[in-house]
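Protein sequence lines, in the order shown, are assigned to chains P and X.
Heads up, the first sequence stops at 171 in this note's numbering, and the numbers go up one at a time, no gaps.
Heads up, the second sequence stops at 449 in this note's numbering, and the numbers go up one at a time, no gaps.
One should not assume that every hint holds.
[What the hints assert, rightly or not] Pairwise CB distance ranges (calculated): (1) P/Thr-126 <-> X/Leu-24: 55 to 61 Å; (2) P/Ala-106 <-> X/Leu-24: 53 to 59 Å; (3) P/Gly-155 <-> X/Glu-96: 26 to 32 Å; (4) X/Glu-96 <-> P/Ala-108: 28 to 34 Å; (5) P/Ala-106 <-> X/Glu-139: 33 to 39 Å; (6) X/Lys-217 <-> P/Glu-33: 53 to 59 Å; (7) X/Gly-360 <-> P/Ala-108: 54 to 60 Å; (8) P/Glu-153 <-> X/Pro-418: 34 to 40 Å; (9) P/Asp-142 <-> X/Ser-57: 21 to 27 Å; (10) P/Glu-33 <-> X/Val-411: 19 to 25 Å; (11) X/Glu-96 <-> P/Thr-126: 32 to 38 Å; (12) X/Thr-97 <-> P/Gly-155: 22 to 28 Å; (13) P/Ala-108 <-> X/Lys-74: 20 to 26 Å; (14) P/Asp-142 <-> X/Asp-143: 51 to 57 Å.
[Stated by the list, open to error] Cut-off 25 Å, straight-line C-alpha distance, at most; resulting in silico cross-link-like pairs (PhoX-like, lysine-lysine): (15) X/Lys-4 <-> P/Lys-134; (16) X/Lys-254 <-> X/Lys-234; (17) P/Lys-156 <-> X/Lys-27; (18) X/Lys-234 <-> X/Lys-282; (19) X/Lys-27 <-> X/Lys-74; (20) X/Lys-27 <-> X/Lys-234; (21) X/Lys-201 <-> X/Lys-234; (22) X/Lys-189 <-> X/Lys-218; (23) X/Lys-27 <-> X/Lys-37; (24) P/Lys-156 <-> X/Lys-414; (25) P/Lys-156 <-> X/Lys-4; (26) X/Lys-27 <-> X/Lys-217; (27) X/Lys-189 <-> X/Lys-118; (28) X/Lys-282 <-> X/Lys-124; (29) X/Lys-74 <-> X/Lys-124; (30) X/Lys-124 <-> P/Lys-156; (31) X/Lys-74 <-> P/Lys-134; (32) X/Lys-237 <-> X/Lys-445.
Just so you know, these hints were derived from the structure itself, not from any lab.
Since the model is a prediction, treat every value here as computed from it, not as a measurement.
Think of the CB as a built atom: it goes at the ideal place given N, C-alpha and C, for glycine as much as any other residue.
The lines below spell out each chain.
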Amino acid sequence: MNKNNKPPAEAEEGKMGPRIDFEEIKKLIALLEEKNLAMFELEIEGLKIKISRNVPGTPPYQPMTAAPVPQYDTGSGLPPAAGPCLEADRNTHPITSPMVGTFYRAPAPNSDPFVEIGDVVKKGQTLCIIEAMKLMNEIESDADGVVTAIYVETGKPVEYGQKLFAIQVPA
Amino acid sequence: MISKILVANRGEIALRVIRSARELGLKTVAVYSQADKTSLHTMLADEKVCIGPAKASDSYLNIPNILSAAEITKADAIHPGYGFLAENSRFAEICETSGITFIGPPASIIRLMGDKNKARQAMKKAGLPVIPGSDKIIEDAADAKKIAQKIGFPVIIKAAAGGGGKGMRICRTAAQLEEQLPIAQNEAKSAFGDPSLYIEKYISGAHHIEIQIIGDKKGKILAFGERECSIQRKYQKLIEETPSAFIDERVRKKMMNAVEDAAREIGYQSLGTFEFLVDEKKRFYFMEANARVQVEHPITEMVYGINLVKAQIRVAAGEKINFPLELEMRGHSIECRINAEDPETFVPSPGKIEFLVLPGGEGLRVDSAAYGGWQIPPDYDSLVAKIIAFAPTRPLAIRKIQTALETTTIVGVKTNLPLHLQILSSTEFQEGNYDTQFMERFLQKKNPA
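With these hints in hand, go ahead and build the complete structure from the sequences.
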């Protein structure tokens, strides 16, 4: 953030460390899209924000500091189910797949996705569909918050426990 | 016809299938529960799909998730291994109707063999001698007593849906029968959801002898020489060997021919094992048939020099049985099942394998999914390794497996290795003269009450 910006309002309320509100997160997300950035990370005084998005043609974000982990997977097309949690922020809530199937972001091929990054969602709101056994299963959010990440592309296979969305929940 | 096999199992049998498929040039998909994230089968398959949480009913028995895993990975065949869904006729049927090749017998055969009483009747009709007993499900205590009087005591109560010794009770008198009947009924109901029982004459001093078969889709059936599986504790096999020191060539051929005829009669396909009790006079009686690959199949492979799992995949793909002509048993093979359990109390001992040295060398085979550093999940069976020896003669095979067990080191969990060594060095085992009551006597001698 620009140093000339006035400090977030909450900082004046005598709380520990900087704080940030939903509106500002939404602005950051919009900025990411505008500048076509894949990832944004900010850390100040104990507050850590990381926003990433799928940009076509860019490799998925890999933390530079990750210790080498032996890779036994001999070429699965699937991302690891519940791998190391990259977004270990305090208020990030993951939505994982309750079943094995095919992930769809929209109710029909030509319709708009259920949610986009930056959308405010309510508990019980449909986030996506997972097709299993020829049945369309609507997957609902189990928390109120803002969608900060969508991990899977539409039409891709997902396994049990795989992370689908990250929801930033209010502190 | 088959290009990619989803292995709906875990542990050593999953590895066995993955390796056999690779040898055949086929791709493999491992499915795993969250408790098996670091299990070897997930690392050796070409692809892997997490199908649920640790609890088997939510993962390895979760038919929708397994079929979805096959769909998203475009697997065209499923190998069920043993246990879990291997003998679930509904699963086999769903695979068949979904256009996925089920690597096992047709659903109708699995269903027939799953009802132990119906299987017994069908085999009797197909010409196999069965143990004298009730021809149908027993109705009440009076009915049971009438049958027991006719066939003579002692009798054994068995669950129609049974397996693993659950619901089985030996009764020596009519009073005992009346007392045990409701207990067995409850046990059968809670274990299998079906309280149906039947009665057989109890044959003491009998051997548990089984005949392996394979059948192709063209109706050809081939039987293999017997496996001696009388070393069991609570109906769980511990040591198996082939050939049996008790069975001679004449009885062997008679059993193999009888099984081939019966299997042909019912249109058997894929791998299967027919289990018999053989009494002191070497009369054999059909007990049950297992419509799947069995844990102890490697000893048959060792003496015949074949790969039964590869053969099973090939016949599932529609190929004809294509073993070299004049398939003959050669030498002797013994298998010891090494379990993670206390060798004295038999309490399972899950935990982390801190250090592991498995045996090796000429004539020695280990089928295991264990590795040093692996955390054995507490959620599944306790089998850690099958150690299998092959040698030209029985004494040499015994010496070889003893050496193998003596040079095996498993640190971190308790295992039954010491128990195996004690059994192998007992006079009864050394002489090859043991029956199904061996373990009972052995443990009694070891720990006199």
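Among the hints numbered above, which are violated by the structure, and what are their numbers in rising order?
Checked against the structure, the hints that fail are numbers 1, 2, 5, 8, 10, 16, 20, 22, 24, 29 and 30, while the rest are satisfied.
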